[in-house]
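Following the hints, put chain A in place on chain C, whose structure we already have.
Each chain is listed here by its residues.
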Amino acid sequence: MKRLIVLFLALVTLCVTLPVTAQDTMPPAPYAYRQLDDPALEARAQGLMETLRCLKCQSQSIADSDAPMAGDMRHQVRTRIAAGEDPEHIRQWMMDRYGDYVSYAPQVSRTTWPLFAGPLILLAIAALLMWRRFGRRG
Amino acid sequence: MIAELGLAALWLAAALAALQLVAGFLAVRQNAPVGEGELALLVRPAAVVQGVLCAFAFAMLIWLFARTDLSVKLVAMNSHSMKPLVFKIAGAWGNHEGSMLLWVTVMSAAGALIALIERRLPERTMQATLAAQGFVALGFYAFLLFSSNPFERLPVPALEGNGLNPLLQDIGLAFHPPTLYLGYVGLSVAFSFAVGALLTRSVTPDFARAMRPWVLGAWIFLTVGITAGSYWAYYELGWGGWWFWDPVENASLMPWLAATALLHSASVLAARDALRAWTIMLGVVAFSMSMVGTFLVRSGILTSVHAFAVDPERGAFILILLAIYIGGALAVFGLRASTISEGERFALVSREGALVVNNVLLSAILGVVLLGTLYPLLTEAMGVRVSVGPPYFDPASAIFALPMLLVMAAGPLLRWRRDRLQRVGSPLLLAGLVALAGLVVASAWASPGLLPLLGLALGAGLAVASLLPLRGRNLRRLPLATLGMVVAHFGIAVALIGMASDSAFSEERLAALKVGDTAAVGPWKVTLQAVSPVAGPNWNALEGVMAASYAGGEPVLLTPQARTFWAPPQETTESALDTRWNGQLYAVLGKAADGERWQVRLWWKPFVTLIWFGGLLIALGGVLALLGRVAGDLKRRAIRRKGAARRAEVAA
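Listed in order, the protein sequences are those of chains C and A.
When the letters of the first sequence are read in order and numbered with the numbering used here, they come out as residues 342 to 479.
When the letters of the second sequence are read in order and numbered with the numbering used here, they come out as residues 482 to 1133.
Hints in this document: simulated from the structure, not taken from any laboratory.
Everything numeric in this text was worked out from a predicted model, so none of it was measured.
In this text, a Cβ means the ideal position worked out from N, Cα and C, and glycines have one as well.
Any given hint might turn out to be false.
In silico SDA-like pairs for lysine to any residue, Cα to Cα no more than 25 Å straight-line [said to hold, decoys possible]:
| hint | chain 1 | residue 1 | chain 2 | residue 2 |
| --- | --- | --- | --- | --- |
| 1 | C | LYS397 | A | TYR716 |
| 2 | A | LYS1072 | C | LEU377 |
| 3 | A | LYS1006 | A | ALA927 |
| 4 | C | LYS397 | A | GLU861 |
| 5 | A | LYS1123 | A | ASP687 |
Below, a sample of chain A positions facing chain C; criterion: calculated Cβ distance under 7 Å [stated by the list, open to error]:
| hint | residue |
| --- | --- |
| 6 | TRP720 |
| 7 | LEU829 |
| 8 | ALA845 |
| 9 | TYR856 |
| 10 | VAL865 |
| 11 | TYR873 |
| 12 | LEU991 |
| 13 | GLY1076 |
| 14 | GLN1080 |
Here chain C stands alone, though its shape is the one from the complex (with noise of 0.2 Å):
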C-alpha cells in the first residue's frame, strides 16, 4: 500500500513539475557554466559577477545562482570580458538594460548619497565622542 502512495505521488509530481522543467530545456547559453580559459579574465569576470544581482532570486548574484536568467548574465559578462571590455562598463551596460537594482555596487547618486554620507557622519561622531571623552584634558 506504502509503495502504491508513493508511486502515486511520484506520477502527480512528475506532472506538477514537468511545466516547470519544460522552460529550462533550453540548453543554458555556453559560457553560463563555463570558465573562461585564461585565468587573469575569468577572476576579473568572477570579480563582476560576485557583484551583479540575479533578477529572478532573492538575495543572490549571478555567480551564485542556478536561474536561467543568471546563467544567461553570466554568459553575457564572460563574454564581454573575453571580448577585452572593461568590468565597470559592462556593469554600466548591465545597469541601463535591468536598471541600477542590477548592481550591487551603488554608485553616488541623488537617490544613494546618503549610504555613502551615513559611514561619514559615523565616523564625525566617533571622533567627536572620543575626543569629548578624552580631548580635553589633554
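Showing chain A alone in chain C's frame:
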C-alpha cells in the same frame, strides 16, 4: 483538542503577562511599604507561571506537527505526512506563526528564569524589570493571538499538507532558528534590566553584574546561531559562499554587534562603575535590533516593499510594537539619563579607554549595517530600487573594523584607569612583527586584494596578541572569565584568517565532465566515476560519484547530489565536502550539459573552515566566561549564606 489547549494556555499566559506588568508597575510606584508586599509578591510567580504556560502551548504545537494534524491550518500549510519526523517537528518553527510562538516562548522562559533565580538586585528594581518584561511580552502575545494564531483550525481538514521548503529540510537548519531566537530574545532580558534600572534609578555595578550573565548567554546563542547559519548557507546553497550581507543575515548580525558592545561596556560598569548611561543605552539598542531583525524577517518587507504595502497587517503590527517599545524605552532614557551621573573617569590609554573605543567602533559598524540594510527599503518605498551588497558593506565596515581590531590587540594588556603605552610596547611589537610576516608571506603566495591581505596580516598579529594576556600568569589560577576572553579574542583572529584566506586563495573550477573525465582544481584532481539515481524519504536525486585525490595522494570518494523534492516540488543541490587540515574541497553536481556530460562545480578553499572554527571558539570563550561568572556568583551566595548562619548562631 490539542490545538484548543494550546490556544487556551496562550491566552492565560497573556493574561499573566498583563498581571505581571500591572502588579510590578504598582509595586514600583507605591513607595509606601504598606500594602506593597501583597502586590509585589505576585510578580515573580506570575512570571514563572507565564513561562510554564507558554512552554506548554509550544509543546502542544510541536505535538500537532508530530502527529501531522491536518485540521490545523498551520500544519496543513507547512507540513506533510511523508516527511521524516525530525523535520515534522522542526516544521513547527519553520513558518511565521510557529516561529513567533517560539519567540514568545523563549521570552517568557527567560522572564521565568530571572524571576526564579535572580536575587542580587534590590527587589524594587527586579519588580520594575519583570514589569518591563511583561510589557514587552504582552505586545507579542497580542501579535500572536490577533494576527498570527498558530492554532487556527480549518473548516474542513486538508487531505494532505503542503510540505516544508526543501531547503529547510536540513538538520542544521532545523536547529538554527531556535538557537538564534534564544539569542535574539535573550536580549529582551537586557532590555528589561535596563528599563528596570532606569525606572528605579539604580544603575550600579551590581546591576551590571546581574545583567552580564544574561547578556553573555544570549550572546553565546547568537554567536552559535550566526556561525551555524553561515555554514548552512555555505554547504546547502551550493555555491560556496558563506556570507552575503543579505538582509536576513544582517538581521542576525546587528543584535550580535550590539550585544558584543553591551558585554564590553557592562564589564566596565561592573568593574569600574563607569559608562553608566552608555551601558543602559546599549541594553535598549541591543533588543531593539532583535526586534528590527524580527520585523525585517517576519513582515515580508524583504521580498518586496510593495507586497508589504498590499498586505501590511502583520508588518504594521510589528512596526507599532517596535515604535512603542523602542520609543518608550528611549523616552524613559531621555527623561532619566540626566539623573545618571557619568560615573568614574579614566584616561584614553587604559582598559576602559580601549573598551570605549571598541564600543564606539562596534556601534559605528552597527550603524553602517543598519543603514545599508534599511536604505534600499526606503528608496524602494519611494519608487527607486537600489541594491546594496558586498561592494558597499565590505569597505564601509572595514573602515571601522580594522582600527577596532588594532585596539583589540592592545586593550586586554592595559591596566584599568590609567596606563602608559610604553609598558605594553614590547609584547605588542612582537604581535606587530607577526602581522608584518603574515603580510609578506600572504603577498608572496598569491596576489590577493587589499582587504583580504590586511585581514590575513591583522589576523596573524591578533592571534598572537590575543594570547599575550596569559603571559607571566599562572594558568591554573587564571580566572575562567579571563580565559574566556582570551579564547574569544583568539577566535576572532582565527575567523578573520579564515575569511581573508577564503577570499584570497579560493580556486574555482566549472567543468562539463563525461563519466571517467577528470578536472583539476588547486592541488586536487577530481574524476567523475558515475552518476546514478538514488531515492530518499521525500525526494529523488541524481548522485555523482567523484574520486578526488589531493596532490596525487589516495583518492577519497565524494557523492554530491542534485535532489528533486516532490512536496513542494523544488530542486536543491547537496554539495559534498572533503575537509583537510588546510582547507576544504567543495563539489557540486549540476545539470546534464548534453547527452553524456554533466556540469560539475568544484572549489578548493584553503583554510575556509577556520571561519566557523573561529566562530565556535568565540562562543566557547563566552561559555567559559559565563561559567566563571556563575561559579563566582554561586560561591558568593554560599559565603553569604554561611555568614548569615554564623551570625544567627552568634546572636542565639
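Honestly, which of those hints from before does the structure not fit?
13
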